[in-house]
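Based on the provided sequences and hints, a complete structural model is requested.
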Amino acid sequence: QVILTITGEASVAKYRILADLFPNNPILISSPWSIIDNESFLLQYSTLCGSLLCDGIGDGLILSSTNSPAFQLQAAFDMLQACRVRLSKTEFISCPSCGRTLFDLEETTAKVKAKTGHLKGLKIAVMGCIVNGPGEMADADFGYVGAGPGKINLYVGKELVKRNIQSSQAVDELVSLIKQEDKWVEAEHE
Numbered sequence: 008q009v010i011l012t013i014t015g016e017a018s019v020a021k022y023r024i025l026a027d028l029f030p031n032n033p034i035l036i037s038s039p040w041s042i043i044d045n046e047s048f049l050l051q052y053s054t055l056c057g058s059l060l061c062d063g064i065g066d067g068l069i070l071s072s073t074n075s076p077a078f079q080l081q082a083a084f085d086m087l088q089a090c091r092v093r094l095s096k097t098e099f100i101s102c103p104s105c106g107r108t109l110f111d112l113e114e115t116t117a118k119v120k121a122k123t124g125h126l127k128g129l130k131i132a133v134m135g136c137i138v139n140g141p142g143e144m145a146d147a148d149f150g151y152v153g154a155g156p157g158k159i160n161l162y163v164g165k166e167l168v169k170r171n172i173q174s175s176q177a178v179d180e181l182v183s184l185i186k187q188e189d190k191w192v193e194a195e196h197e
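Residue numbers (the working numbering): 8 to 197.
It is worth saying that the hints were derived from the structure and are not from the lab. The beta carbon of each residue, even a glycine, is placed where N, CA and C say it ideally should be. A portion of the hints provided could be inaccurate.
Claimed, not checked - Beta-carbon label-pair distances, calculated as ranges:
1) 84 - 139: 42 to 50 Å
2) 183 - 92: 44 to 52 Å
3) 92 - 29: 18 to 26 Å
4) 84 - 188: 38 to 46 Å
5) 84 - 173: 31 to 39 Å
Said to hold, decoys possible - DSS-like, lysine-lysine: derived pairs with alpha carbons at most 27 Å apart:
6) 186 - 158
7) 186 - 122
8) 165 - 130
9) 186 - 165
10) 169 - 118
11) 120 - 169
12) 120 - 21
13) 118 - 186
14) 96 - 130
15) 96 - 190
16) 169 - 127
17) 165 - 118
18) 120 - 190
19) 96 - 165
20) 165 - 122
21) 127 - 96
22) 21 - 96
23) 158 - 169
24) 158 - 118
25) 190 - 118
26) 169 - 190
27) 158 - 130
28) 130 - 118
29) 96 - 120
30) 130 - 169
31) 21 - 118
32) 122 - 21
33) 96 - 122
Next comes the structure, spelled out in C-alpha cells:
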C-alpha cells in the first residue's frame with residue numbers, strides 16, 4: 008500500500024498516473040483547497056473529483072476546506088450522484104420551458120419533487136411539451152410530459168403508457184405508475 012498526498016497544479020493528471028502505477032490500490036481523492044467561497048469550492052472540487060470519478064478513478068473523497076461540514080457532505084453526495092458512483096436521492100430532469108409549455112413548469116416540478124424526492128436512484132423527467140420532451144428525457148425512468156392544454160402524458164422509460172391525463176390528477180397518476188412499476192418506497196420520517 009502506498010500513501011501519499013497529491014497537491015498543486017495538474018492534480019488530475021497526477022491522480023491518473025497514480026491509478027496507472029497502482030491499479031489495485033485504493034485511491035482517496037483529496038480536496039486541498041481552503042476556499043471560503045462555496046461556489047469557488049464547488050468549481051474546483053467538481054473539476055478534480057468529477058473528471059476522475061467519471062473515469063472510474065477514486066475509491067473515496069476527503070474534503071478539507073473552511074466550508075461548513077454540512078456543505079462539504081452535501082457537495083460530496085452531489086458529486087457521487089452526478090458521477091453515478093453512489094445514488095443517494097432522486098434525480099430530476101426538467102426542460103428550461105418555452106412558449107410551447109402549457110403548464111407552470113416550476114410549480115409542477117416542485118409538486119413532483121415533493122411527492123417523489125425520497126425515491127433514491129430514480130430519474131424522473133418533467134418536460135413542458137411533446138415536441139422536445141420525449142427526446143430530452145430519454146434516459147429517465149419516468150416522464151411527465153405536457154401533451155396539450157391541461158393534459159399530461161406519462162412515460163416509463165421511453166414508452167408512453169398513459170395519455171392525456173388531466174393535469175390536476177397527473178402527479179398522483181405518476182405516483183401510481185411508479186408504484187405499479189414496483190419502484191415506490193415509503194418516505195422515511197425523521
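For each hint, the structure was consulted:
Taking 42 to 50 Å as the suggested C-beta distance range, the pair residue 84 and residue 139 does not conform, at roughly 30 Å. Checking the proposed 44 to 52 Å range against residue 183 and residue 92 shows it is violated: the Cβ atoms sit about 31 Å from each other. Checked against the hint of 18 to 26 Å, the pair residue 92 and residue 29 passes, with Cβ atoms roughly 20 Å apart. Between residue 84 and residue 188 the Cβ separation comes to about 25 Å, which falls outside the hinted range of 38 to 46 Å.
Take residue 84 and residue 173: their Cβ atoms lie about 36 Å apart, and the range 31 to 39 Å holds. Among the hinted pairs, residue 186 with residue 158 is consistent with the structure: their alpha-carbon atoms are about 21 Å apart, no more than 27 Å. A threshold of 27 Å between alpha carbons decides the hint, and for residue 186 with residue 122 the separation of about 12 Å falls inside it, so the pair holds. Only pairs whose Cα atoms come within 27 Å are accepted, and residue 165 paired with residue 130 is accepted, the gap being roughly 12 Å.
Only pairs whose Cα atoms come within 27 Å are accepted, and residue 186 paired with residue 165 is accepted, the gap being roughly 18 Å. As the CA atoms of residue 169 and residue 118 are separated by approximately 19 Å, the hinted pair is consistent with the 27 Å bound. A distance of roughly 20 Å separates the Cα atoms of residue 120 and residue 169; the hinted pair therefore holds under the 27 Å criterion. With a CA separation close to 40 Å, the supplied pair residue 120 and residue 21 exceeds the 27 Å bound.
Distance hint between residue 118 and residue 186 is fulfilled; the C-alpha atoms sit about 17 Å from each other, no more than 27 Å. A hinted pair counts as satisfied when its Cα atoms are at most 27 Å apart, and residue 96 with residue 130 qualifies at roughly 9 Å. Restraint check for residue 96 and residue 190: the C-alpha separation of about 13 Å stays at or below 27 Å, so the hint holds. Distance check on the hinted pair: residue 169 and residue 127 sit about 24 Å apart at the alpha-carbon level, within 27 Å; holds.
With a C-alpha separation of about 22 Å, the suggested pairing of residue 165 with residue 118 holds against the 27 Å cut-off. With a C-alpha separation of about 15 Å, the suggested pair residue 120 and residue 190 falls inside the 27 Å cut-off, and the hint holds. For the hint pairing residue 96 with residue 165, the CA-to-CA distance comes to about 22 Å; that is within 27 Å, so the pair holds. Of the supplied pair hints, the one linking residue 165 and residue 122 holds, its CA atoms being roughly 22 Å apart against a limit of 27 Å.
Distance hint between residue 127 and residue 96 is fulfilled; the C-alpha atoms sit about 4 Å from each other, no more than 27 Å. Distance check on the hinted pair: residue 21 and residue 96 sit about 31 Å apart at the alpha-carbon level, beyond 27 Å; violated. Restraint check for residue 158 and residue 169: satisfied, since their Cα atoms lie roughly 11 Å apart, inside the 27 Å limit. For the suggested pair residue 158 and residue 118, the alpha carbons sit about 16 Å apart, so the restraint of at most 27 Å is met.
For the suggested pair residue 190 and residue 118, the alpha carbons sit about 18 Å apart, so the restraint of at most 27 Å is met. About 17 Å separates the Cα atoms of residue 169 and residue 190, which keeps this hinted pair within 27 Å; it holds. Restraint check for residue 158 and residue 130: the C-alpha separation of about 22 Å stays at or below 27 Å, so the hint holds. A distance of roughly 15 Å separates the Cα atoms of residue 130 and residue 118; the hinted pair therefore holds under the 27 Å criterion.
Taken as a hint, the residue 96 and residue 120 pair is honoured in the structure, with Cα atoms around 11 Å apart against an allowance of 27 Å. For the suggested pair residue 130 and residue 169, the alpha carbons sit about 18 Å apart, so the restraint of at most 27 Å is met. Distance check on the hinted pair: residue 21 and residue 118 sit about 45 Å apart at the alpha-carbon level, beyond 27 Å; violated. Taken as a hint, the residue 122 and residue 21 pair is broken in the structure, with Cα atoms around 44 Å apart against an allowance of 27 Å.
As the CA atoms of residue 96 and residue 122 are separated by approximately 13 Å, the hinted pair is consistent with the 27 Å bound.
When the structure is compared with the earlier hints, violations turn up for hints 1, 2, 4, 12, 22, 31, 32 and for no others.
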